[in-house]
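Those protein sequences? They're chains Z and E, same order as listed. Here the first sequence is numbered in the working numbering, starting from 67 and rising by one per residue. Here the second sequence is numbered in the working numbering, starting from 3 and rising by one per residue.
Hint data in this document are derived by calculation from the structure and do not stem from the laboratory. No experiment lies behind these values; they were computed from the predicted model shown. Some hints here could point you the wrong way.
Derived DSBU-like pairs: lysine-lysine, alpha-carbon spacing no greater than 35 Å straight-line [stated by the list, open to error]:
(1) Z:K277 with Z:K311
(2) E:K189 with Z:K152
(3) Z:K503 with Z:K277
(4) Z:K209 with Z:K192
(5) Z:K239 with Z:K209
(6) Z:K265 with E:K189
Residues per chain are reported as follows:
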Amino acid sequence: MSRRSWSVLSVLAVVIMLVTACSPVPATQAPAAAPAAATPVTLTWAFWGSPEEAVSHKAVADAFMKEHPEIKVETWNEPWDNYFTKIQALWASGDPKAVPDIAFLWPTPKYAAEGVLENLDPYIQKSGYDLNDYWGGLLESAKYKGSVYGLPRDNEINVLYFNKDLFDKAGVKYPDENWTWDDLLAAAEKLTVKDASGKVTQYALAMEGGKYSKWVNQNGGAILDDYVNPSKCLLSTPESIAAVKFFSDMMNNGYAMRDADLSQAGGDQAVFLSGQAAMIIQNTSRVSSFNAAKMNYDVAVVPIPAGGKRWNPAGGAAWVMSAKSDNKDAAWTFLSWLQGKDGGEKLYTERGEIFPALQSVANSSVFMTDQPPANKKGIVAEAAASGVGGFGYFPEWDELDSSVIGPAMQKIWAGEADPAQALPELCKLADQFLKDKGFPKQ
Amino acid sequence: MPTTSAAQSTSPPRRNPFRWRPDQQWEAYLFILPSLLGFLVFVFIAVGASLGISFLDWGLTGPRGFVGLANYRELLRDPVFWRVARNTAFYIITIVPLQLALGLTIAVGLNQAIRGTEAFRLIYFLPVVTTIVAGAIVFRLLLARNGPLADAVTGLGQLLGIPLSLPDLLGSTRNSKVSVVLLTLWKNTGFTMVVYLAALQGVPQELIDAAHVDGANAWQRFRNVTVPMISSTTFFLFILQTIGAFQLFAEPFVMTRGGPAQSSEPVVQYIYDNAFRFTRMGKASAIAWFLFIFIFGFTLLQNIMQRRWVYYETE
């Protein structure tokens, strides 16, 4: 053979090796014997989270498999940043073997609209599952066209955390359920510390700008006229403007950290732990880290304006069932156990990871422990005020919020725009957005 | 490229690269086959598919409907698209000239026969091989309103007895782009410097000596000998950095997430948001093709313009 032919052959050999290495191995094994009667059904369970969080989910899966040996649960997890992209890629592949049967998801309506989720109504009716145990407004976030497509695991209860040491140092009375916005401002003035150059070294309050809907709804304002099928933006009403102004004035006065500064400083957890902020307003997910740091703190309901009402944005990520699942009955067994008061809800609450979506679990000894914070009643009081109004339940909400509402709000938090002017302009754009997307829909 | 004189004499003045010539070493194609397959599947087909997707209304999983040019029409009236397009234009206008000027300045400095130039070359090149995410996080801490840089400026003011303070670089819509430009310059100038350094060393010493003899001073020698001699490098870097600035993504994404109020968000991040946050693959593809047309047009224009100012030694 010539030298040339040898080189051709060797290249071909390399290519063939590469190609075969990539292709699936031919079925050399004999087909498995017919499954024995005792072989459990296998479910794939998807959730996001760090390796530590995955440990907790796996413990929950083990507890379920102990009770239900006929069902085997395999877990699939990815960090939050990649989770949604990867799970959508799995759905797009359309392979029922690859698609997780049960998945943790947010926001449910968007995915329900795409047709990848199973309507849970028939399963709920057949099994008599109790939906009345959920906090008010919470199930709305998991509904699409009136049907339930997911069962929320937790409820986001935003409460006021306060650092007792800093309150004592400033000689300020601890906040209680009678506090109004005026009391908050009076306390904020005493809790804000500035150095000689006027730089704030201790803020009274740190709260993410994105949580502004708390103030708006407390004051009788609203973001939209309808959160499922909106036709109009309501952030330009006097009540909404006054609420946004209350929050932005606190930032402009140096009482509250500006939104951008807060995220540059590592978020409310970091600034509360370091004592840079005397109060934060956040959901209950912070409790475990403050307890681990042995902080001297407690929680209280968030102060309301005089004549206003207590309000909390009902919402929490939900467990959903894939429309492509090949074991839907087993998937429902697992789903209803996860969301049962003796199953997953109890375990997650015991581990201090969630504020439960079920009222019965929150009012039981599982939640009412002697661990800090002492004022668990305050958390339940906020939970009882849960309602719609924090965000939209239609698929286009994410786009409306991040490309129209969010940017205008960020200008206000940066102190570059006056709410009285910026909010009517924002509503004009939001109304145009809704009109372009065909809202209100019939 | 070194070619033998025999090959030069037999090769026709104009060759058609696509004509099949049996005398050619066709086995070469076998050698590039693996990477050619990879290119076809992961780049060529994907790029072609994105053109098709740009005419669809498709949410990655749901039904896909043909909407014609609706995605492109929506872009024209989308205020966010124009906002991010202006941001990207700002990045191109600032980053490209500053990077070339800085890179050339440092390269000229390091081209001198002085001690320690190797160490400086290494230091200036280090950011290029540093992970951009790590760099962006450090910049974020450094430039924060109450960060060390702000403290240093305030402290300097107190020393001098004048009120000095650093403007808010990350939290204000006016300055957030400046922070991104600073990070990008820090990250990429080392690359520009290294390429310029190589070009400077290729400038024939006899030309400079001749200019010296003719009485040209240092600036005149630099301006009229060195700069024209390295103009092909400038052209190469100009095209490369312009395309890089068009495609800017990681720097603002990590440092500011495009905020506040989308004031630092580049076009590529808007593509990402549309594709993976709003799952609007059609609109995302349309923006990507808009961007491609701009880059292509710009590069074409530069290729035509280069005849006026780029000098090639081989001509």
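Checked hints:
Straight-line distance between C-alpha atoms of Z:K277 and Z:K311 comes to about 14 Å, which keeps the hinted pair within the 35 Å bound. Between E:K189 and Z:K152, the direct Cα distance comes to roughly 30 Å. Compliance with the 35 Å bound is thereby established for this hinted pair. About 25 Å separates the Cα atoms of Z:K503 and Z:K277, which keeps this hinted pair within 35 Å; it holds. For the hint linking Z:K209 to Z:K192, the alpha-carbon distance of about 18 Å falls within 35 Å, and the restraint holds.
With a CA separation close to 43 Å, the supplied pair Z:K239 and Z:K209 exceeds the 35 Å bound. The hinted pair formed by Z:K265 and E:K189 meets the criterion: a straight-line CA distance of about 31 Å does not exceed 35 Å.
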